[in-house]
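The primary structure of each chain is shown beneath.
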Amino acid sequence: MKMTAGEIAALIGGELQGPAEAVITGVMPLPAAAATDLAYLEKAAAAFSSSAAWIAGRPAGCLIAPQEAKSALAARAGSVIYVKNPKQAFAQVLSKFEKELNPLPKAGVHPSAVVAAGARIGAGVHIGPHAVVETLAEIGAGAVISAGCYVGEGTRIGAGSRLYPNVTVRERCVIGKNAILHPGVVVGSDGYGYLNVSGSHSKIPQVGRVIIEDDVEIGANSAIDRAALDATVIGTGTKIDNLVHIAHNVRIGHNCLIIAQAGIAGSTALGNNVIISGQAGISDHVTIGDNAIVLAKTGIMSDLGAGQIVFGNTGRPRALAMKIEVLLSKLPELYATVRKLKKLLLPADAPENDNK
Amino acid sequence: MKMTAGEIAALIGGELQGPAEAVITGVMPLPAAAATDLAYLEKAAAAFSSSAAWIAGRPAGCLIAPQEAKSALAARAGSVIYVKNPKQAFAQVLSKFEKELNPLPKAGVHPSAVVAAGARIGAGVHIGPHAVVETLAEIGAGAVISAGCYVGEGTRIGAGSRLYPNVTVRERCVIGKNAILHPGVVVGSDGYGYLNVSGSHSKIPQVGRVIIEDDVEIGANSAIDRAALDATVIGTGTKIDNLVHIAHNVRIGHNCLIIAQAGIAGSTALGNNVIISGQAGISDHVTIGDNAIVLAKTGIMSDLGAGQIVFGNTGRPRALAMKIEVLLSKLPELYATVRKLKKLLLPADAPENDNK
Amino acid sequence: MKMTAGEIAALIGGELQGPAEAVITGVMPLPAAAATDLAYLEKAAAAFSSSAAWIAGRPAGCLIAPQEAKSALAARAGSVIYVKNPKQAFAQVLSKFEKELNPLPKAGVHPSAVVAAGARIGAGVHIGPHAVVETLAEIGAGAVISAGCYVGEGTRIGAGSRLYPNVTVRERCVIGKNAILHPGVVVGSDGYGYLNVSGSHSKIPQVGRVIIEDDVEIGANSAIDRAALDATVIGTGTKIDNLVHIAHNVRIGHNCLIIAQAGIAGSTALGNNVIISGQAGISDHVTIGDNAIVLAKTGIMSDLGAGQIVFGNTGRPRALAMKIEVLLSKLPELYATVRKLKKLLLPADAPENDNK
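Here the protein sequences come in this chain order: A, B and C. Residue numbers for the first sequence follow this note's numbering, so the first one is 170 and each next one is one higher. Residue numbers for the second sequence follow this note's numbering, so the first one is 170 and each next one is one higher. Residue numbers for the third sequence follow this note's numbering, so the first one is 170 and each next one is one higher.
A portion of the hints provided could be inaccurate.
Copies of one chain are not kept apart here, so a pair can be met inside one copy or by any two copies together.
As the list claims (entries may be wrong) - Computed list of lysine to any residue pairs in SDA-like fashion (alpha-carbon distance at most 25 Å, straight line):
#1 K212 / G226
#2 K171 / E269
#3 K346 / A285
#4 K275 / G287
#5 K499 / R485
Simulated from the structure, these hints should not be mistaken for laboratory data.
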């Protein structure tokens with residue numbers, strides 16, 4: 170990236186203070202930013218956790234700041250660009266920066282890739298070294314299939330989607346447009362289904378598939394199992410973090426966030442805009458309503474209504490769960506009190522030890 | 170698949186009602202099944218969660234149902250096949266269907282695969298593109314080593330086993346017959362063993378191996394570490410789900426089920442038919458008896474007897490654990506009651522706040 | 170390996186008892202060790218969990234034992250080598266053994282590897298079959314890049330580091346010297362960062378990188394995300410187990426231990442010598458002090474001071490957490506007692522059910 174503060178202000182539609190010609194070549198968090206870096210302040214002056222003087226004095230060549238910070242930063246030597254939503258404006262610059270930093274790999278099939286005769290490869294597709302695309306697979310226009318990826322027979326990858334290296338998508342799955350699959354992701358592995366036949370587990374063939382809709386992102390080493398019969402579905406705009414497990418027949422709505430190491434068991438259905446936090450686990454055959462939030466490490470064993478926010482191994486409403494956590498810390502005290510009361514009221518009843 | 174209802178009835182040994190010539194080309198859950206699909210009813214009429222009339226009226230071309238459902242489904246227009254165990258009968262059809270849908274890849278070594286001169290490759294083996302088989306490795310008859318797999322020096326893969334794409338099995342490990350390793354599985358990574366030598370962690374070489382017995386299935390991106398000295402062992406018929414961690418020197422018995430994201434720490438031993446549910450964790454050097462069931466998210470820190478069923482961070486017996494969960498929800502009430510009692514009985518004792 | 174007991178004693182500087190010429194060709198735990206195996210006893214005689222006679226009678230050809238065990242093992246037929254620290258001495262023999270068992274792969278680039286023209290490959294480097302090294306990447310002297318690995322543009326791998334098969338390190342990351350990355354590890358995947366723009370999640374480009382310092386080991390299928398702007402850092406000597414998640418901008422100090430399936434959320438900082446046990450989870454933007462120990466399955470939601478040892482979903486000090494666990498088991502009894510007291514003192518108040 171090489172932009173002046175003036176060019177950045179024009180890009181994000183902000184109000185520039187200070188030198189327009191300052192040259193910016195990098196992006197950094199404010200404490201680490203140098204004179205050639207762009208940084209940003211998320212919150213208005215009133216919410217500064219550091220002093221306004223310290224912020225104003227940082228060497229960052231250019232600072233994107235909220236309009237409310239104007240008076241506090243008026244004396245800053247370097248450039249400031251005032252906008253309504255600094256984080257969003259900063260992300261806009263980042264997008265431009267990233268396109269230069271990581272230009273899409275060039276269209277074309279690497280000579281070491283193995284692409285079956287019956288595969289259909291769209292315009293502008295990149296297929297990297299040692300990738301494998303099986304017959305009847307379809308790779309949409311502009312998609313990137315990186316080194317070492319495997320795309321199974323009859324699988325469709327939508328236009329503009331990107332599979333980072335060493336991703337595996339098995340046969341007959343569907344990935345929508347503009348999806349991002351990070352390294353090590355597995356899509357379409359068999360669901361975990363067995364019949365107990367006289368004590369041993371007989372495999373139930375998993376002949377369904379996975380449908381991943383548009384604009385979905387899936388983090389490194391996450392695994393999405395294919396359905397037993399029809400389809401495991403990940404809805405449009407849902408973002409999945411690293412090392413997440415999605416079992417067979419799960420249906421996830423639109424714009425959900427599934428954070429790292431969460432797991433969702435078989436046939437469970439999530440509505441739209443649901444947040445499943447890190448290391449949370451949802452039992453099988455459960456329904457989670459729209460906008461519900463399952464906090465970190467929480468276990469859910471039954472249906473959860475829309476908008477509910479829950480915490481703990483048995484998924485209690487957050488307020489109750491947090492109250493219980495406070496009370497648990499006072500449990501030793503409570504036992505001591507009850508022991509005293511018992512001695513007074515029921516002296517005959519209990520010489521035994523109530524409070525170990 | 171293309172079978173008539175009559176052929177399906179003959180395959181599963183069921184009693185056919187309705188048209189024998191109905192042509193079936195797919196399998197689906199009953200609510201989604203069309204006139205060319207086979208579906209099944211697991212439970213007898215008495216246990217229908219939907220009405221018998223609704224079930225009878227579904228368009229499914231053929232329905233496998235329990236014998237007890239006969240009277241309820243007598244008037245159905247489409248075919249019905251009555252059997253003792255519908256789920257098992259349906260799985261039998263699925264197996265046939267799947268063999269047509271996913272025929273085994275053809276025998277032969279893909280020209281891009283790298284197979285060392287000293288490797289022994291059995292009859293009918295398939296080795297996919299970009300797979301690597303090191304010297305002294307043995308691949309049993311009919312095994313499938315898919316694209317991008319790595320089989321280390323001296324490792325033996327049993328007859329009929331299947332490694333899906335991008336599986337890594339390091340050196341000197343043993344995989345039995347008819348095992349299934351899903352994409353991204355790692356077998357034989359070093360165990361996690363260090364000596365603290367004046368504050369830094371010095372690696373203890375892990376020179377053991379992994380032995381996976383017959384009929385084991387391992388889910389996507391699971392990792393099984395090699396032993397420090399002798400062997401980590403996964404017993405015959407054990408089924409492991411996705412993203413499971415098995416540490417060095419663990420010994421797992423026969424026909425266990427280890428569900429997604431569970432972890433078993435070093436040197437722990439499981440008996441036969443043990444179930445470790447999702448996200449459960451078992452400490453190191455612990456013994457779990459036959460038929461024990463560790464429920465989801467449970468933590469186990471000490472030995473567990475045969476047949477025990479446990480739940481919670483410290484692995485309590487299920488009944489107690491569930492009772493405690495109920496009581497926890499009433500903790501705020503309990504504190505209020507005790508505060509009242511204390512005021513009455515020990516007024517001098519405590520103006521302090523018992524119930525925050 | 171082929172060494173005599175005398176040679177082993179010389180190697181580890183121990184005091185030999187019994188035949189110096191005994192030939193040792195393997196290593197085994199004591200119960201399984203044969204006449205050609207070396208085994209070791211960790212604890213002194215006083216701490217034997219088995220009887221001294223049983224230990225002395227094991228067929229192991231050579232036994233490394235603590236000096237304190239001398240009298241108890243004086244009558245042993247096979248060789249014994251007495252040392253101060255048997256585990257460390259044994260590890261020393263193991264290291265020698267392992268070097269023979271697993272000699273480093275030969276220097277050179279496999280013809281099927283794809284190494285970009287602009288990559289710099291150090292002396293003695295091994296690049297395995299189907300590995301990919303992009304332009305501007307630097308591979309330090311003696312490093313091993315195994316089959317199917319991907320090293321992104323501009324990424325530096327330090328001298329003596331080893332990437333096992335199917336590891337992915339994306340662009341512009343830095344791996345120090347003598348690092349070990351087990352199969353399936355992902356380094357440099359995008360951090361999980363989105364802006365909510367009118368209900369949908371807009372990706373914040375992750376343009377930072379990952380810096381992994383010297384002597385770091387990372388277990389199978391673990392994933393380390395790149396920073397949003399600057400760097401995710403794993404400090405020198407830190408050892409990470411399997412299936413661990415490290416989010417963007419995390420900073421981990423020196424010599425930490427991060428056990429299997431633990432997860433550390435964004436921007437959290439760990440001091441030195443911190444231990445994060447299996448399946449523990451640390452929230453984002455939290456600071457963990459030096460030498461803190463987070464026990465298995467623990468959740469941490471706020472800062473943790475140096476040397477703290479914590480347990481449970483909300484990370485309580487261990488002693489309190491363990492006391493609460495004991496008291497929880499007696500909760501049914503406590504409710505019964507309080508109900509009795511209430512009946513006596515507040516009979517009018519509550520015929521309702523306090524103890525479900």
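Okay, the hints, checked on the actual structure:
no.: 1; hint: K212 / G226; in the structure: within (17 Å within a copy, 60 Å between copies)
no.: 2; hint: K171 / E269; in the structure: within (10 Å within a copy, 53 Å between copies)
no.: 3; hint: K346 / A285; in the structure: within (22 Å within a copy, 30 Å between copies)
no.: 4; hint: K275 / G287; in the structure: both (23 Å within a copy, 17 Å between copies)
no.: 5; hint: K499 / R485; in the structure: both (19 Å within a copy, 12 Å between copies)
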